[in-house]
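Engineer: Read off the chains here:
Protein chains: 4
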Amino acid sequence: MDEIQYMEELHQLLQNWRRDFHQNPEIGFMEMRTASIVASYLEDLGYKVHAGEEVMKREARMGVPEQDALDRHFEWARQNGADERWLERLKDGMTGVVGVLDTGRPGPVIAFRVDMDALEIQEELSPGHLPFDEGFSSVNENTMHACGHDGHTAIGMGLAKLLMEEKDSLNGVVKLIFQPAEEGTRGAKSMTEAGVVDDVDFFIATHIGTGVTARHVVAGNAGFLATTKMDVVFKGKAAHAGAAPNEGQNALVAASTAVLGLYGIPRHADGASRVNVGVLKAGSGRNIIAPLAFLQIETRGETSEVNEYIRAQALSILQGAAAMHQTEVDIQIVGEAVSSTPSESLVDIISEVATSSPYVDHVIPMSTQSAGSEDATYFMERVKERGGLATYTIIGTDLAAGHHHERFDYDEEVLLTGVDLLFRTAKALAAVKDEKECQE
Amino acid sequence: MDEIQYMEELHQLLQNWRRDFHQNPEIGFMEMRTASIVASYLEDLGYKVHAGEEVMKREARMGVPEQDALDRHFEWARQNGADERWLERLKDGMTGVVGVLDTGRPGPVIAFRVDMDALEIQEELSPGHLPFDEGFSSVNENTMHACGHDGHTAIGMGLAKLLMEEKDSLNGVVKLIFQPAEEGTRGAKSMTEAGVVDDVDFFIATHIGTGVTARHVVAGNAGFLATTKMDVVFKGKAAHAGAAPNEGQNALVAASTAVLGLYGIPRHADGASRVNVGVLKAGSGRNIIAPLAFLQIETRGETSEVNEYIRAQALSILQGAAAMHQTEVDIQIVGEAVSSTPSESLVDIISEVATSSPYVDHVIPMSTQSAGSEDATYFMERVKERGGLATYTIIGTDLAAGHHHERFDYDEEVLLTGVDLLFRTAKALAAVKDEKECQE
Amino acid sequence: MDEIQYMEELHQLLQNWRRDFHQNPEIGFMEMRTASIVASYLEDLGYKVHAGEEVMKREARMGVPEQDALDRHFEWARQNGADERWLERLKDGMTGVVGVLDTGRPGPVIAFRVDMDALEIQEELSPGHLPFDEGFSSVNENTMHACGHDGHTAIGMGLAKLLMEEKDSLNGVVKLIFQPAEEGTRGAKSMTEAGVVDDVDFFIATHIGTGVTARHVVAGNAGFLATTKMDVVFKGKAAHAGAAPNEGQNALVAASTAVLGLYGIPRHADGASRVNVGVLKAGSGRNIIAPLAFLQIETRGETSEVNEYIRAQALSILQGAAAMHQTEVDIQIVGEAVSSTPSESLVDIISEVATSSPYVDHVIPMSTQSAGSEDATYFMERVKERGGLATYTIIGTDLAAGHHHERFDYDEEVLLTGVDLLFRTAKALAAVKDEKECQE
Amino acid sequence: MDEIQYMEELHQLLQNWRRDFHQNPEIGFMEMRTASIVASYLEDLGYKVHAGEEVMKREARMGVPEQDALDRHFEWARQNGADERWLERLKDGMTGVVGVLDTGRPGPVIAFRVDMDALEIQEELSPGHLPFDEGFSSVNENTMHACGHDGHTAIGMGLAKLLMEEKDSLNGVVKLIFQPAEEGTRGAKSMTEAGVVDDVDFFIATHIGTGVTARHVVAGNAGFLATTKMDVVFKGKAAHAGAAPNEGQNALVAASTAVLGLYGIPRHADGASRVNVGVLKAGSGRNIIAPLAFLQIETRGETSEVNEYIRAQALSILQGAAAMHQTEVDIQIVGEAVSSTPSESLVDIISEVATSSPYVDHVIPMSTQSAGSEDATYFMERVKERGGLATYTIIGTDLAAGHHHERFDYDEEVLLTGVDLLFRTAKALAAVKDEKECQE
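Protein chains in written order, with numbering that gives the first Met the number 0: chain A, 0 to 439; chain B, 0 to 439; chain C, 0 to 439; chain D, 0 to 439.
Isolated chain A, as found in the complex (with noise of 0.2 Å):
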């Protein structure tokens, strides 16, 4: 079989794993059905695969979803595809998956990682979006992967086939990790806790698109914000409105008094910080006083210190909210990440190992434009300190709509682009003899 037709067929079979993922997406920390799959493949390609409790730190995940939700959602994994072999594992949340390859050949440990999770949106079902045209749109209501992780799993596995394919070819050690719960920066943090990249010397985190182009590359992207994302109850005491409005303690009153304190929290000399109040929901009817409010709020910072400065000033305008109207609120942590900046000498492997890609045109060494906030952040920051290198590799696509758009979809030409470059980047870096030469 020649190259070209290995292409076609790898591309193919990327295809056919990233609609699959499409059609079944899960949202955060209920990845079962896809880990399971990828769990089973890795293990049949030979790799040996730790999941669950193995690579997770539980008390480290945040925003994992109510048990109720989770149970159903394991039923229905059961019946809809998932592999019993990794199923049981995978249950309540614990839905990371680690493939390692080992050559057995002194080396660098070599990590890459991807991301599982699909988003709580309605996917449009109407034609002139590809999925539907093609029959693979979402079979779950209010559920979609409408931000490319199906794209990311579908690479990860091909990666894992070439790499095994060509496992002679290496040295050292490489760890596929499959991430849960990316949206909402809610599942990193555990995997990191957990010590999955403690001995990684090269780390490689990626993304699909995010406003590069086709055949563009960016090999490191610097632009992340530190975020903390808060889930807050105020509880009052309901009360007649005409009759007795000294009896109440309005939840909605001290909601809506948090809400200018949390707009009103200074901006920091030391960069661009955030807050937001997306969601505010109180009250139970005109003539009560509300007795409960409930907030979604995030903070973000340049810098994981600026963040920390306005996560720690909304804690205590939401504490200071609660007692000035006589009520309680409880704060959950609900997601967070750090910022970090990518290595530069292992940008710069990576800007040569791009440029060399058949499948690029464009290579932007490093972009610190903004994109949001992102948890391999926690990975990055780890490797980091603990002597590695690290970066966040964004490969170009074009988009049929923006990302968390009911209408997102992008050319599935990025698969085979993924696949390559990762494959690319893995041989150069075990051919580097030792991680010093390229220290920074």
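These are calculated hints, taken from the structure and not from any lab test. A hint or two may mislead.
[Said to hold, decoys possible] Interface residues of chain A toward chain D, partial, derived using beta-carbon atoms under 10 Å:
#1 Pro126
#2 Val258
#3 Pro265
#4 Arg266
#5 Ala268
#6 Ala311
[Stated by the list, open to error] In silico EDC-like links for lysine to aspartate or glutamate, alpha-carbon gap of 20 Å or less:
#7 D:Lys426 to D:Glu351
#8 B:Lys280 to A:Asp230
#9 C:Lys56 to C:Glu380
#10 B:Lys236 to D:Asp269
#11 D:Lys56 to D:Glu87
#12 D:Lys426 to D:Asp347
#13 A:Lys90 to A:Glu133
#14 B:Lys236 to A:Glu42
#15 D:Lys47 to D:Asp82
#16 C:Lys47 to C:Asp82
#17 A:Lys280 to B:Asp230
#18 C:Lys160 to C:Asp101
#19 C:Lys280 to D:Asp230
#20 B:Lys160 to B:Asp101
#21 A:Lys236 to C:Asp269
#22 C:Lys47 to C:Asp101
#23 D:Lys160 to D:Glu42
#24 A:Lys426 to A:Glu343
#25 D:Lys236 to B:Asp269
#26 C:Lys236 to D:Glu405
#27 D:Lys56 to D:Asp91
#28 A:Lys166 to A:Asp43
#29 C:Lys236 to A:Asp269
#30 D:Lys56 to D:Glu380
#31 A:Lys236 to B:Glu405
#32 D:Lys236 to C:Glu405
#33 D:Lys47 to D:Glu165
#34 B:Lys426 to B:Glu2
#35 C:Lys90 to C:Asp67
#36 B:Lys160 to B:Asp1
#37 C:Lys160 to C:Asp82
#38 A:Lys426 to A:Glu351
#39 C:Lys160 to C:Glu8
#40 B:Lys47 to B:Asp167
Model, not experiment: these values are computed from the prediction. Here a beta-carbon is modelled for each residue, glycine too, at the ideal position from N, C-alpha and C.
Assemble the complex: chain A is given as a structure, and chains B, C and D must be docked to it using the hints.
Structural biologist: Relative to the frame of chain A, chains B, C and D by itself:
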């Protein structure tokens, strides 16, 4: 048939009606089944019956449900026991009915008002709750007669029967007004503006319960607060809270600002006032600047003037808050009631009548205890403006749980008490040769 | 000397006193000159006189001026006509005086309260304002008797003279209470807690004017609102608003947050309430995060319970707002008064007495018209708690301008009316053998 | 006279001028004495001098003091050493001066800007503060040269002397711009709009200190934030807070609402922004609904566009908050500055010149460190718009205490450094045949 037996049979009749209405509750402007049964019954008795457009000014209704909800309910009513003779005239939220008994003899025009609507409350379906135990609990999800209007309608029908049977002992004209949408104070204004009480000399609105013990009667209830109900929408513009916070127009912040402003409306020197934001729902996602916010608001005042002051302040606050945050605001008045004081001489007559009733042990002539708001005040004020007398009479009953509670229920004995009291009142008033006699 | 001549001379005496006090006004707890003149005069008449520490509980005073202001004023008083015999005992803000006339005969203990303090208002110094025209306008800048307490003190002294002269026609004991610092409701509590009315059977506090016409008397004024006055300081930290906004702790924002919270304190179902932030001063420069904010706040309630509710809410709001913005808050109670209702049987006696006075044309037994707040209510409540009777009597007079106005003035005829009415009251009450006679 | 001796004498001259100005400080638009001395000296040197109306557009000034303050200061200046030759032209806040030296030879137009105004700060009058120890501390209460503009003026005069003496070694035209009211960014706009830099090819504004060490020079300072300063008055209506709360229009509440809104203005994606309410004063008494509230506000932006966004949001907030509370708002723009970036090629020339100066050890070509705001940016932007080059140069000096501190002082050596650097710059630029040479 002796009187005891007659009353027993009447009681059975009242109970049947009440239980039928309880089982088939309809919210305000949706009382199509109820009103069609009432209208047909009155017609059968020999009343001249007016309904829909004849007795309601369409544009004076407030808080009318969406057209598709009206349409769906119309179909439900047709298939669930509505009387086809009248149903068509009651569609599209025009559910008022007036029955007229003209004795042909000179005498006063006497009007009784009862209301027919249920609440958006899910009835408790468990043992110990009489409607459940006796098998007449609500068949309509999230709809319940939890304020006794099922009983009011039954009393109105029982009164109609007695009046017609005893027609020869009466003089003048009796009008029986079956009002829609008292909950939320939305329906009375439209009937008042259609002129249904313009010729009325004596007007009596009735309620059961409201904290008054069984076999007690309040002849004149003076405690109603004037009120305005508003549904408010702030309309801004969504934007990504991380990438483009300056491109949003934050409806959630505008709403929170309005909330603090509304609760801060100054007290009025001339009497008690109230303001409440009972419900606030805003935003579409944690990381999106909220494009929309919805509020349910009510104001109240000890007098209509005080309420008008609070209402005017509220409008300034809502419009100003919208302007502050470059959003737009849409304010719908979805309910309104004025304040009204019972006519003392009519209260005296009813007190005397009540004292003579075998079903009444104790009479409170005038009560000023606040009891929320009621739009029967529109009828009262119109009657008084045109020289008539008006009152609001409460017929006591013991309750299983408070009004608007999911286990609300009352002793059905009150139905007979109500019919008896109102019938005696009609006879006493018909005997007044000239209402000037008892003018205050 | 006949009575007419006597009364003319008494009028001249009253006028002289009043004009002297008017020209030398002293604000609350500073009435050192005034009180020393009163004490010496009572002593000369033969009263047993108590002052300072004997009649005031030092730590129960509220809103006492700074020590250096007290010291400066002490010097001023010494050099401007204070009586050295008593001055030393009145220093440091201990300016209460009580004169006791014990007839030696059995009978009730009767107490009259007058107040002595002026206001921090700059008197208008221009023609048409009688004190200016007649040369007795205030010599103290920004200090003015603009509420008639100069007249109250003169009435108290005139009453002292008559009582002593007519001692033989009285029974029991008469106490004349000269209270400091009624303005801001700061002084009465300290005298009450020192026990000066603990043995009192009949207590009468007096005010002139307050909207009551000349030659009219209100025997019992029931309209006073309970109140609390607070001085509040938020303490934050300054920082440069451009260079280091995150380093500040913004007292101005904390104060603004508190303001919106305070006005939003819920209405109370049991009666009227009020809250006001009358003064807010914050910040040190346009480009500095404000390190300090100062607020003057008052709460009021139709009853003491309602005021206590508002006060407790206010404290939560102030502390919560401070916590929200990481600032500290210092709250000083600088004035307080309870609510109190006159004893009906005492009101009846005074009404009868007033009817008999040649200086009174019209008597209003009980008025419920709100007239602000008064701390004489502390005396009233204490007397009533211990079984005595108490009232607050208003002696009408026509005013040149309203109370607290820079052109406030009254017809000096009211001084004689006051002395006459209170003397007649003392005689009538002394004739009551047993106060149980008129107990309610 | 050799150069060393010449420089020593020049240093003495500079020190004398600086100390005289320091001792007689004048705040913005009040620099009548200072400007009259400058204008007379330039005239005596042989400059063509323009002042007042000729060099300032009257209506483009911002934050001009009240007329009576201007009048009083005019009298003070006349009696305290102002030069009568020029004083009349500088009255009424028209205190700008421009001196022109036309060499008569072809060549560029080169402009230097210095500013002359002092601050409303009370200088510390105690040992250890050099101006106090050496007897030249401020004679004007609450007025102090605490930002070094006394030195700037002296540098401008010294530069004038050197330029005239070395006129033959120059080409083209040199303009010396003495600007009023830089503090609060109030004066530059009026000179720019009068056209004083419309013909300028090279423009250099100068400041001493600002955190730059002695013998260091920043050739181009790029860190200035665009800014707007506003004085805002909310006008409501007083009412008695106890008796008639509903009759007031609460300016204090409107102001507090605006404060929370202002701090909540969204961050801008395009760069840093700031907003501060530095001062809030409201209300007239504890028990009065506040009729007036006064605020000092400033906004800033990394670019003029960002500041314009913040400013526009602030205006909406102020107007909306007024409308919410039925008050009126008056907004005065009392200062404004744009952002501006130094021209790189001019920065290069000055860097080279500075390197050659014996008074300079270290040159920082371009600094982006934020250093507050400056209205020299108006001149810079105008020059650049018309094809010229512009920069803002900082001449380092060690400070006794920070700028705007009551013990601010600097090493007077910087005066000579400044004159030398600017004179060298003038010579270097005069040698540029065509400014196109160094165009960027």
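Engineer: Determine for every hint whether it applies to the structure shown.
Structural biologist: Right, here's what the structure says about each hint:
Hint status for Pro126 (chain A) relative to chain D: violated, with the closest Cβ pair at about 35 Å, above 10 Å. Below 10 Å, beta-carbon pairs count as interface contacts, and Val258 (chain A) has one with chain D at about 9 Å; its hint therefore holds. Of the supplied interface hints, the one on Pro265 (chain A) holds, with its beta-carbon coming within about 8 Å of a beta-carbon of chain D, less than 10 Å. Look at Arg266 (chain A): its Cβ gets to within about 6 Å of chain D, closer than 10 Å, so that hint holds up.
A least Cβ separation of about 8 Å between Ala268 (chain A) and chain D falls short of the 10 Å threshold, and the interface hint therefore holds. Checking Ala311 (chain A) against chain D: minimum C-beta separation of about 17 Å lies over 10 Å; hint violated. Our distance criterion of 20 Å between C-alpha atoms is met by Lys426 (chain D) and Glu351 (chain D), whose separation comes to about 12 Å. This hinted pair checks out: Lys280 (chain B) and Asp230 (chain A) have alpha carbons roughly 15 Å apart, not beyond 20 Å.
With a C-alpha separation of about 17 Å, the suggested pairing of Lys56 (chain C) with Glu380 (chain C) holds against the 20 Å cut-off. For the proposed pair Lys236 (chain B) and Asp269 (chain D), the alpha carbon gap of about 19 Å is at most 20 Å, so the pair holds. For the given pair, Lys56 (chain D) sits about 17 Å from Glu87 (chain D) by alpha-carbon distance, which is consistent with the 20 Å threshold. For the suggested pair Lys426 (chain D) and Asp347 (chain D), the alpha carbons sit about 15 Å apart, so the restraint of at most 20 Å is met.
Between the alpha carbons of Lys90 (chain A) and Glu133 (chain A) the distance comes to roughly 31 Å, so the proposed pair goes past 20 Å and is violated. Annotation: proposed proximity of Lys236 (chain B) to Glu42 (chain A) is violated, straight-line Cα distance about 49 Å (limit 20 Å). Simply put, Lys47 (chain D) and Asp82 (chain D) have alpha-carbon atoms about 17 Å apart, close enough for the 20 Å limit, and the pair holds. Proposed proximity of Lys47 (chain C) and Asp82 (chain C) is supported: the alpha carbons are some 17 Å apart, at most 20 Å.
About 15 Å separates the Cα atoms of Lys280 (chain A) and Asp230 (chain B), which keeps this hinted pair within 20 Å; it holds. Between Lys160 (chain C) and Asp101 (chain C) the alpha-carbon distance is near 14 Å, which keeps this suggested pair within the 20 Å criterion. For the hint linking Lys280 (chain C) to Asp230 (chain D), the alpha-carbon distance of about 15 Å falls within 20 Å, and the restraint holds. Only pairs whose Cα atoms come within 20 Å are accepted, and Lys160 (chain B) paired with Asp101 (chain B) is accepted, the gap being roughly 14 Å.
Taken as a hint, the Lys236 (chain A) and Asp269 (chain C) pair is honoured in the structure, with Cα atoms around 19 Å apart against an allowance of 20 Å. Under the criterion of a C-alpha separation no larger than 20 Å, the hint pairing Lys47 (chain C) with Asp101 (chain C) is consistent with the structure, at around 8 Å. Straight-line distance between C-alpha atoms of Lys160 (chain D) and Glu42 (chain D) comes to about 11 Å, which keeps the hinted pair within the 20 Å bound. Restraint check for Lys426 (chain A) and Glu343 (chain A): the C-alpha separation of about 19 Å stays at or below 20 Å, so the hint holds.
For the proposed pair Lys236 (chain D) and Asp269 (chain B), the alpha carbon gap of about 19 Å is at most 20 Å, so the pair holds. A distance of roughly 18 Å separates the Cα atoms of Lys236 (chain C) and Glu405 (chain D); the hinted pair therefore holds under the 20 Å criterion. In summary, the hint linking Lys56 (chain D) to Asp91 (chain D) is supported, as the alpha carbons are separated by about 13 Å, within the 20 Å threshold. Taking the CA atoms of Lys166 (chain A) and Asp43 (chain A), the gap is near 15 Å; set against the 20 Å cutoff, the hint holds.
A distance of roughly 19 Å separates the Cα atoms of Lys236 (chain C) and Asp269 (chain A); the hinted pair therefore holds under the 20 Å criterion. Proximity of Lys56 (chain D) to Glu380 (chain D) is assessed by CA-CA distance (about 17 Å); at most 20 Å being required, the pair is judged to hold. Proposed proximity of Lys236 (chain A) and Glu405 (chain B) is supported: the alpha carbons are some 18 Å apart, at most 20 Å. Restraint check: the Cα-Cα separation between Lys236 (chain D) and Glu405 (chain C) comes to about 19 Å, which is no more than 20 Å; the hinted pair holds.
Between Lys47 (chain D) and Glu165 (chain D), the direct Cα distance comes to roughly 16 Å. Compliance with the 20 Å bound is thereby established for this hinted pair. Annotation: proposed proximity of Lys426 (chain B) to Glu2 (chain B) holds, straight-line Cα distance about 17 Å (limit 20 Å). Restraint check for Lys90 (chain C) and Asp67 (chain C): the C-alpha separation of about 12 Å stays at or below 20 Å, so the hint holds. Proposed proximity of Lys160 (chain B) and Asp1 (chain B) is supported: the alpha carbons are some 17 Å apart, at most 20 Å.
The suggested pairing of Lys160 (chain C) with Asp82 (chain C) holds, with an alpha-carbon distance near 19 Å, which does not exceed 20 Å. For the given pair, Lys426 (chain A) sits about 12 Å from Glu351 (chain A) by alpha-carbon distance, which is consistent with the 20 Å threshold. Proximity of Lys160 (chain C) to Glu8 (chain C) is assessed by CA-CA distance (about 12 Å); at most 20 Å being required, the pair is judged to hold. With a C-alpha separation of about 17 Å, the suggested pairing of Lys47 (chain B) with Asp167 (chain B) holds against the 20 Å cut-off.
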